[in-house]
Amino acid sequence: MLKPIAGELVAMGGPCRTVVGREAGNIINNKDLPPIDDKAASKSLALYNKPMELYSLIRSRLEQRPLFLQRCLNYKIQALRQRRLKVTVQLKGLLNIPSLSQWYNRRGQMEPGPSTAATPQYLPIFVMVSSQPNSQQDMFSLGKIIKVAKVPLVDDSALSAPVTFLVPNLTKLLVLAKSGHLILFFSFVDPAQLFDVDTWQMRDLGDCSGGVVWSKLSMASLCHQWLRNMNGSASPLGLNGVSVETICTLDFVQGNLQHRDTALGPMVCMHPFRELPVRSEMKLEVYAHAVEIGHAHISDCTSNGTLHKRTSSSPSQAFRNPLGRVEFHYQYYFNRCEKTEVMEEYSCPFCFVRCYTFKGLRCHLNCSHDLFNFEYLPNADVPIVNVTCRTDLLGPEGNIQELEPDIRTKNWDFWSRRPFSKIYGSLPKAHPLRGEGGYLPGPVSQDLSHGVTSTGPAKSSDDNSQRIQKQAMKGERRDGRSVYGEIPGLSPVKRQRLEERESGEKEDFRTGGVCAAASAATMDEIGAPLITATSIRLRPERNRQVAAERAEARNRDALLKRTFFHSHTAQPMLREEVLSDRDSEDELDEDLATVEDRRMLEDFVDVSSDEKDIMHLWNSFVRKQRVLADGHCSWACEAFSSLHAAKFSSKPTLRRCFMLFLIKLWNHHLVDGATVDKCLTVVDSYTLPTEC
Amino acid sequence: MALKPAEGFGTEPVVGEVVVDSKRARKYEMTTRFQECKKPLYAICFNLIDARFYRVFASAGGNKVTVYQCLPEGGALAVLQTYVDEDKEEEFYTVSWAVGKDGSPLLACSGSKGVVRVVDCESETLQRSFVGHGGSVNELRTQSLKPCLVASASKDESIRLWNVDTGVCVLVFAGAGGHRNEVLSVDFHGSDILQMASCGMDGSIKIWSLRDYWKFVEMSFTWTDSVSKFPTKHVQFPMLTALVHNNYVDCTRWLGDLILSKSVDHEIVLWEPLQYKVAGSTENEGKVDVLQKYPVPDCDIWFIKFSCDMHFENLAIGNREGRVFVWEVQSSPPKLIAKLSHPQCRSPIRQTATAHDGSTIMCCCEDGSICRWDAV
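Chains as they are written, first to last, in UniProt numbering: chain A, 1 to 692; chain B, 1 to 376.
So here's chain B without its partners, still in its complex pose:
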């Protein structure tokens, strides 16, 4: 499992130690653990889009999406809403928060059926159902700068950019330069609205540019005509294709201009995409500089996703054994600040959700339970 040789400065990546750093150590305590359902829970997500609902999170599993409120005292959770899909065979894989035109919180969820459901949580109605993907949707992400834009990564090797306000499919990222296998994760650049990163089962991480197509994105904000008449464009060529991992890449997040990504090699890799523009080269298989590695023991199954708080200080990731590792992301070498485990929590943790300040970490397990860890 040798990684690609480092580019850039040519230095070896800095690997963090899987030992809790004593100076940085932060004490977490499991305050709540409850069984939500019998089906595995695949997604859990804090609403970091809207400051009003920072303590609100949603979990998805089976054909059900539940919205909770983290109550401050005693680690209590309040179930706010539950949405059940009529289709009993639906299995939601991912959930993401968005904001509607009038500021209402929207909840986008999708799963094995490939239909993106957008629920208006304020009016508690289904706002949109996006049809178009030819396979299950593995991840939904919201562009935080334009919270009405939602990207979906699908099994059909494509990424679609939706406008949940107007309900149009703005762009399709697929084709000649697209992914060659299921797309497992997608993320928007935190500050550059024109960049997206995606990764998938083909082991590649692709960085897409929206620059040439931004006019269509803008067109989508004001689209009033029939949805089906929108000139959906296909983005065929990514700006950069990086081969950082040798296996499925199931989660990727932007960290500034750097990218955090993980595969099934027990570690998260922080790397920098280099040479976006290579003069005269048509094939932009980009060079990368792997900066740091965050080892995660017993994390060798795919579809385990990590989460960061809003300021990208803490990163929480579960593993196959039901333990959670919390890393301080922006320190070099990376420092493990907490290693959370509970004897009752043994099933793989598919996804974690970190509150905006990192004080609360939610975990959803495959056995259908939700754990809440609160910083002491």
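Pulled out of the complex, with its shape left as it was, chain A reads as follows:
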């Protein structure tokens, strides 16, 4: 079982958890009380186990599957948490290259402009972080970061300009150092190699080659020196925010710089002059100043990857409690014993979320960890949170009890005037969450040994869950003792809760049966002179119900007896006719429309009867088929001709009128020639159906 003992949670904690200290159980106020029963106390303390376990499950699930926003902003967090090394290299010392200095002096004199006199003369020295693939050969990769350090020709350290590098990943530094990374320094002997003669502008390094003086400083030696300066106490990768400074002397030698393209990329070759022995041309002192940056940001980065500005409501509090420590007192055994845990940065002790302020911590605890009661004492130097278990939610063994649905929704039914039970009567308690219940909507953990049935202390949940997942993949299944144990993917918490609920339901049914028996008894008593309180309560309901039934029956009878009238003719209708959906108010009377159409057509005097017939047929066709748009016309013509083909083919004058009508439509571009042809073909090819 999980026990909140010191150091135990650290193993489970994430990287950002900071547990400063955890004390053993204190005994408070034990003077006037009976002596502590150790067994009972440990039992009381064990009440914490299940909620802690649940919250750790949630936390581990969150770590495996972070929230969407956190998942998306993870790269930002990573970038902010990366430890970088800022290396500042400063070159100092006397340049003893007469020719070089003379030349540069001369150039400075030749350079026109008034500023030259004021500005001191510099020797440009290229500084480049590079790697040496082969230690035998002086071939260095042409790095991307090439900086130019200006070494003053006069020996004045104040004038020397430093060069700053940023080593992006501190953890890789040693690896890089071992693989031959170094800092390369070189300067061209002949400025003509470097400067364009005409414009006195510096050329691109890729175009420059020729005699140089150069030297190198390997990273390994630099790191070594840093380590030595740290007195060897700290880990090589953690400078812990302390800046380290090393000084070393570099010997510069002469050589010939050449560019070369190799398989490893562009390289710079330093060929020693053949005729001249390698000798030191000049000596320079290198001040390497390294400081780790980024480490300071770690604590300032919120879970969303944004930089957090430490804003405390009271500056004095921030002053008094700069690390944001909070003491958590876990009280147990009737609040007589407590265990203490101290968290930094106002972190939550259960899920290690940094809340940054005490108020934030308060909100977080209240909304995320409702299995505990919290008592906040913010006024001390180190704020104190007293934690107690909620006995209304936790069973005697610490099991998380099923919350009744109405408890959860109780706060939400303010919009309904009457409670649900009053509207629908006292229904048996329904469990709408059955099969879906539980706090954890997904497969939080496949850890079957992690539930209530397990007796051994739980190890890291990650290990267990992986193991069980493997088991599940192999198809093995631990046979559960309950029916729910056979359901794969059912978390133990869920299973336990299901079992509990089932037993609860059984109890419900039992009590419901008793209630039914009691009510039946009171029903019998209604006729009896003795009227119990229960029956008095029951009677109005019963009467109301009967009255409602009667009213319903009466209404139904009235509805059946009632005469319904047709909406057009106001004639009484039979019941089956009413129900047959024949009477619709907006239906068009086809005969009436026909009569009206005929009547209106009769008013025309200059139209022959055949034309009137065609008009009438077409009008009724259009009305019936709802030909509305121009686009319908060609279809309508074809359907019309096939519908009345018999009429048209039997009477030539009618056919002629139809043809004229089609031509009229064609004139108005409502139909095309093909349609006209098709219609007439339909009419002409019509043959009388043979009489059988």
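It should be emphasised that the hints constitute simulated quantities derived from the structure, not laboratory data.
A hint or two may mislead.
[What the hints assert, rightly or not] Here's a subset of chain B near chain A, in silico, CB distances under 8 Å, partners left out:
1. V131
2. G132
3. G134
4. C169
5. V172
6. D212
7. S226
8. S228
9. K229
10. T232
11. K233
12. H234
[Stated by the list, open to error] BS3-like mimics (lysine-lysine), calculated; alpha carbons at most 25 Å apart, straight line:
13. A:K678 x A:K651
14. B:K215 x A:K647
15. B:K88 x A:K561
16. B:K229 x A:K624
17. A:K624 x B:K215
18. A:K561 x B:K113
19. B:K215 x A:K612
Just so you know, even glycine gets a beta-carbon here, dropped at the ideal spot from N, CA and C.
Fit chain B to the known structure of chain A by using the hints.
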């Protein structure tokens, strides 16, 4: 109260004189007067449909319809049947005779409730109750050529044509071209089965044609299916709309192809509908030629209906003062042949009934009395 200018030949209408013509004068004598009920009687009607019952008439008032027989001697009346509606608030406005399928005399009556009751007088049972009108029914008329067809003119601005045999509502004359106020009177053409005339409170007289809908009328004769499934058609446009009067037109009768109609201007107008078919005109507000006028003094209240004998020789109309004027219809100029008055009869006469030969004139008064005038 200027009438519309005359069309046709352009001649002025011939107005009869309210003086009994000495040559044509006919002597009438009140033989019977009795109080039927306290409620006003609105309708009285001889059975001119069936030759067997020419002397039988029915009167309607209140929720009661009474069938009488005119006995030949002494002006006696025999009460044959009385039908009382269960609904005490019913007030019958109109009554009409019809003939059932087996020749039994049917009595159709209707009134303020808008329900047309059809009583089989032979079996003395209620045969049909036609529901459908949205207001009171002001007049019922029977198509004498097809005595099973009954038209009802209603307050709901519509006219319905019923088939009392099969019980279907054949046609509804209402809609875009229909009346714009209560329909007060309706009449079938005497010889053309396809024409109907109606008039109403909107002052117009409309002539309807059944030609386009005759197949539905024929369908109704043989309809055996459920009544409610009959394809009742709406006739929206009349053949002609004539504006002859400037006020309520409360009675209209065909006289051949001419129409007799009366408003509240103390006169009955005989006019001829012209130009049924006006080429190219959608609005057929027809032209009329007013031919003759039959002045009726003290006849300025509405719902006073006149009646003619079967041959349209005599026309009898009561007035507000309880007097009856009998006109010779088909003479020009119209000749008043009798002016009937009785000192006991002072209340308005709502309707008269003329026997088939004009020898007997029945009057129903608003005070609930019935008078019988017999030609001497």
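Going through the hints against the structure:
no. : hint            : result
1   : V131            : holds, 6 Å
2   : G132            : holds, 5 Å
3   : G134            : holds, 7 Å
4   : C169            : holds, 6 Å
5   : V172            : holds, 6 Å
6   : D212            : holds, 4 Å
7   : S226            : holds, 6 Å
8   : S228            : holds, 5 Å
9   : K229            : holds, 7 Å
10  : T232            : holds, 4 Å
11  : K233            : holds, 6 Å
12  : H234            : holds, 6 Å
13  : A:K678 x A:K651 : holds, 19 Å
14  : B:K215 x A:K647 : holds, 22 Å
15  : B:K88 x A:K561  : holds, 24 Å
16  : B:K229 x A:K624 : holds, 22 Å
17  : A:K624 x B:K215 : holds, 22 Å
18  : A:K561 x B:K113 : holds, 21 Å
19  : B:K215 x A:K612 : holds, 21 Å
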